[in-house]
Amino acid sequence: MKQAKLNIALFLIVIFGLAATNLLHAKKDKVSELEQREIQQRPVFTVDRLFEGKFTREYDNFFADNFAFRTPLIKAGSEIKQLKGFEGNDGAMIFVQSGGDNMAVDMNEKENGGAKGSDTKYYYYKDRALTLYVYTPAAAEMYADALNRFKASVDSGVNVYSMVVPTSVEFVDDKQIKELSDSQKDAIAHLNDRLDAGIVRVGAYDALAKHADEYIYFRTDHHWTALGAYYAYGAFMEAAGEAPVALDKYSSEDIDGFLGTSYKFTLWDKLKDNADKLTFYVPFTKYKYTMHTSSGKALDRKVVDANFAKNSSTFYAAFLGGDYPWGEIQTDNKNGKRIVVVKDSYGNAFVPFLLPHYEEVFYYDPRHSKDNLIDFVKEKKITDVLFLNNTTVARQSGIAKLLNEKMDLVKE
Amino acid sequence: VVFSSLFFLYLFLPLLLIAFFLSKKTSYRNWVLILFSFGFYAWGEPIWIILLLLASMIGYLFALGIEKYRGTWLGKAQFVIAIAINIGILGFFKYAGFLVDNLNAVLPFDIPHPEVTLPIGISFFTFEIICYLTDVYKGQVVAPRSPKKLLLYVSFFPHLVAGPIIRYTDIEKQMDSMKVTMAEFSQGITRFMIGLGKKIIFANLLGESVAQLLNPSAGTASVLGLWFGICLFALQIYFDFSGYSDMAIGLGKMFGINLRENFNYPYVSKSAGDFWRRWNMSLGGFFRDYVYIPLGGNKRFYLRNLFVVWFLTGFWHGASWNFIIWGLYFGLLIYLERVFLGKLLEKLPSFVAHVYMTLAMLVGWVWFYFTDLKAAVKALMIMFFMYDRELWTVELQIYFRENLLLFVVAIIAATPLAKWTVGRLSERNARLKAGLDNYAVPVFNVAILIVATILLVGSTYNPFLYYRF
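Line order of the protein sequences matches chains A and E.
So that you can map any letter, position 381 of the first sequence is 1048 in the numbering used here, and since no number is skipped, the others follow by simple counting.
So that you can map any letter, position 138 of the second sequence is 479 in the numbering used here, and since no number is skipped, the others follow by simple counting.
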């Protein structure tokens, strides 16, 4: 009897206590900072929506998304989960993010040769999260073919460059990781082999490899740092036959306490102890940067800005403000050179370094842009085109497909 | 709705508890449960609530007809028609697509594929109505005059969507006096918490690496990786299903209704026959009492009956060939055990029988897991060294280490060992027993509830990092 009373009392206290807290808990959040997504709002009730099952489904999400103390409970949950086993040497752990990689919008398992490559695996190593790499030759070929098609479609006077950037896992010298992660060097080599002879290959790989010990990649985010981008810029200048500007000509600013995408996916507590420092280099060139948003707005901004980081859910947005369909930067160099960087988010840290060398610098993001790429090059009287993507293009076919789509686009 | 959700725990259940315990009269309590049960069903399947209502009313009306015309051909005809309607409902919603796909594979023309979604719980409530009609037909049950009791029997939410498959006689009398004592309510809580812990702590966490490991076409597939994967899956499905049954039984108790048991430590079985007396017992009982024995049991047409029952058992689990193979595989094992294997195993030390059954069970789960037969065959070939793959990989090593503690604890928790140890200790020490009963159990329960809630909130974590908003 004693047990029954205590048992019932504890149970009822928790159930009714949490139910009541939850009921009274203000449901005012519109977005979840940690998840970078909108929070489900209270669904609209109509009889039709009820019978379609929409109302109840949305209500479930609404209830879960607005649960009292949700964010701290999520973090506690991830810590409880880690109790299920032990870490390996150097704290090795794997976290699988199903549903795919960040860079490409779409991926079809079959076309990528089975389930391979469709999940993103994070690997904890010493003080950082690495994304294990999976090489898919078919995807690399598709990307090279898309670039070749582009080269054939534009005026032969336009210089076309291709830079494929390796990700951080490539430069970790660890036997176990070499077994888990495919070689990006080989992947890039294979991709380059297939490129048209007229496309200039930019050796970002070697440039980064030379500085592998430096802070060229974030520990808690899947991107490179501005320093990494600067070394790749050096390689690009070499390919373009120009001299790079020395880094010490720039003044720099730091943002501390950056916890990036890898942290947000894995919620690995240990990553918090090694939060990143994001450094950006302020251009000395006079410029005017206009970003063009998905909704068609044109906004004048700075190319690097600590305010971007403050107002966004990721500090990496300090570069160019984040991923936008396209942007244009006019400088006071009157040399008639106009470049477009066709890029994924790796391009964001890179683009600001181009300012001293071009009259106009454009960027074009095939994931977001609604313009025909070839027309874009013609209309803006582009003289140089740089395709800058990370090695995801040799893993998933998403970007290649998008490039093809953007070349097929018919203007309305 | 599922029991293991925030919505159920912190909205549905509190509301139901209030409504139920504020109603004092039995018939009010009956109606509260019926209304909440239909609400429970409608929450997940707003449209198919009509089907649930229709099937219940068919059961109700035909049972009255069967009784009225008992002993005449009209009674028998109504029985046959009612059973046929139920099997028809199940057949249409669950098997039409499968049947059409297979016919299209052999026929020269194509029948359009029917686009029907499977209403939740249909495999359970149609079987329960079949039980009821058969029992009425055999005169073992007196059909109730008012539809209330039948509606409650069919729709009672704890067993509605995933069993146990109960018989009308199980709860007939309990529905007439819906009284719950404190001791019963407390037992119900404890049982529910055991189930909640099994589902959310064990099943969900065990299942996290299963899809990674059980992927025979991936380059990283390895012999031990597949074995480890199928072990994790075996534990996951046991904790998932038996946890669900525990939650159902616990909830039933909290509202004064005792449901039948459904699991009895299946992984300590020594034979396939033993396994099926311990695994999903209410389903095994259904096929035994309503199919196997009426067909003649082991007295007439034994082989035919065995084949039919195991074919149906497999097919019931899903409209796909792999489930049929899985069912027949157990039928074959049971046949072999009857012919010679059983006697042989009895003579050998009992660990041999345990090893035999564990291996047989794991191979069975391979058939169960892969709806794609090619993948199942490939997985089995890798597991038995008939396909050129590494013995293990570095990745497996990490997965193994990451899951090791949970894996070991889960194996122990799947056996009666802990229960037995606690029982023995408290037998010897009265003070320990009192302490366990009075304090340890309540504290343990609330700990499970809190951890489960945290993990449930955690499971809603859905980072969406690459698109701007």
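Worth double-checking, as some hints may not be accurate.
Stated by the list, open to error - BS3-like, lysine-lysine: derived pairs with alpha carbons at most 30 Å apart:
id: 1; chain 1: E; residue 1: K719; chain 2: E; residue 2: K774
id: 2; chain 1: A; residue 1: K669; chain 2: E; residue 2: K520
id: 3; chain 1: A; residue 1: K845; chain 2: E; residue 2: K719
id: 4; chain 1: A; residue 1: K669; chain 2: E; residue 2: K365
id: 5; chain 1: A; residue 1: K697; chain 2: A; residue 2: K672
id: 6; chain 1: E; residue 1: K479; chain 2: A; residue 2: K672
id: 7; chain 1: A; residue 1: K877; chain 2: A; residue 2: K697
id: 8; chain 1: E; residue 1: K435; chain 2: A; residue 2: K721
id: 9; chain 1: A; residue 1: K964; chain 2: A; residue 2: K1001
id: 10; chain 1: A; residue 1: K669; chain 2: E; residue 2: K479
id: 11; chain 1: E; residue 1: K489; chain 2: E; residue 2: K417
Claimed, not checked - Take a look, some chain A residues computed to stay more than 12 Å from chain E by CB distance:
id: 12; residue: L701
id: 13; residue: R704
id: 14; residue: F722
id: 15; residue: R724
id: 16; residue: F729
id: 17; residue: V801
id: 18; residue: E846
id: 19; residue: M904
id: 20; residue: I1041
id: 21; residue: M1074
Hints were generated in silico from the structure; no laboratory data involved.
Beta carbons: idealized from backbone N, C-alpha and C, even for Gly.
Verification of the hints:
Only pairs whose Cα atoms come within 30 Å are accepted, and K719 (chain E) paired with K774 (chain E) is rejected, the gap being roughly 51 Å. Only pairs whose Cα atoms come within 30 Å are accepted, and K669 (chain A) paired with K520 (chain E) is accepted, the gap being roughly 20 Å. Of the pairs offered as hints, the one joining K845 (chain A) and K719 (chain E) holds, with about 27 Å between alpha carbons and a cut-off of 30 Å not exceeded. For the given pair, K669 (chain A) sits about 25 Å from K365 (chain E) by alpha-carbon distance, which is consistent with the 30 Å threshold.
At roughly 42 Å between alpha-carbon atoms, K697 (chain A) and K672 (chain A) are farther apart than 30 Å, so this suggested pair is violated. The suggested pairing of K479 (chain E) with K672 (chain A) is violated, with an alpha-carbon distance near 44 Å, which exceeds 30 Å. With a C-alpha separation of about 45 Å, the suggested pair K877 (chain A) and K697 (chain A) falls outside the 30 Å cut-off, and the hint is violated. The suggested pairing of K435 (chain E) with K721 (chain A) holds, with an alpha-carbon distance near 23 Å, which does not exceed 30 Å.
Straight-line distance between C-alpha atoms of K964 (chain A) and K1001 (chain A) comes to about 27 Å, which keeps the hinted pair within the 30 Å bound. Taking the CA atoms of K669 (chain A) and K479 (chain E), the gap is about 46 Å. The hint is violated against a cut of 30 Å. This hinted pair checks out: K489 (chain E) and K417 (chain E) have alpha carbons roughly 25 Å apart, not beyond 30 Å. Not every CB of chain E is more than 12 Å from the CB of L701 (chain A) (nearest about 7 Å), against its label as outside the interface.
For R704 (chain A), the non-interface assignment is contradicted: its Cβ lies about 4 Å from the closest Cβ of chain E, within the 12 Å cut-off. Consistency note on F722 (chain A): stated as away from chain E, yet its beta-carbon is not over 12 Å from all of that chain's, at 8 Å minimum. A Cβ of chain E approaches the Cβ of R724 (chain A) within 12 Å, the least distance being about 9 Å, so the stated non-interface status is violated. Non-interface call for F729 (chain A) relative to chain E: violated, since the shortest CB-CB distance, roughly 9 Å, does not exceed 12 Å.
Not every CB of chain E is more than 12 Å from the CB of V801 (chain A) (nearest about 9 Å), against its label as outside the interface. E846 (chain A), annotated as away from the interface, has a beta carbon of chain E within 12 Å; the closest lies near 5 Å. Residue-level check passed: M904 (chain A) sits 30 Å from the nearest beta carbon of chain E, beyond 12 Å. Interface exclusion of I1041 (chain A) from chain E stands, the closest Cβ pair being 26 Å apart, more than 12 Å.
With 12 Å as the threshold on Cβ separation, the claim that M1074 (chain A) sits away from chain E holds: the shortest Cβ distance comes to roughly 23 Å.
In terms of the numbered hints stated before, the structure departs from hints 1, 5, 6, 7, 10, 12, 13, 14, 15, 16, 17, 18, listed from lowest to highest.
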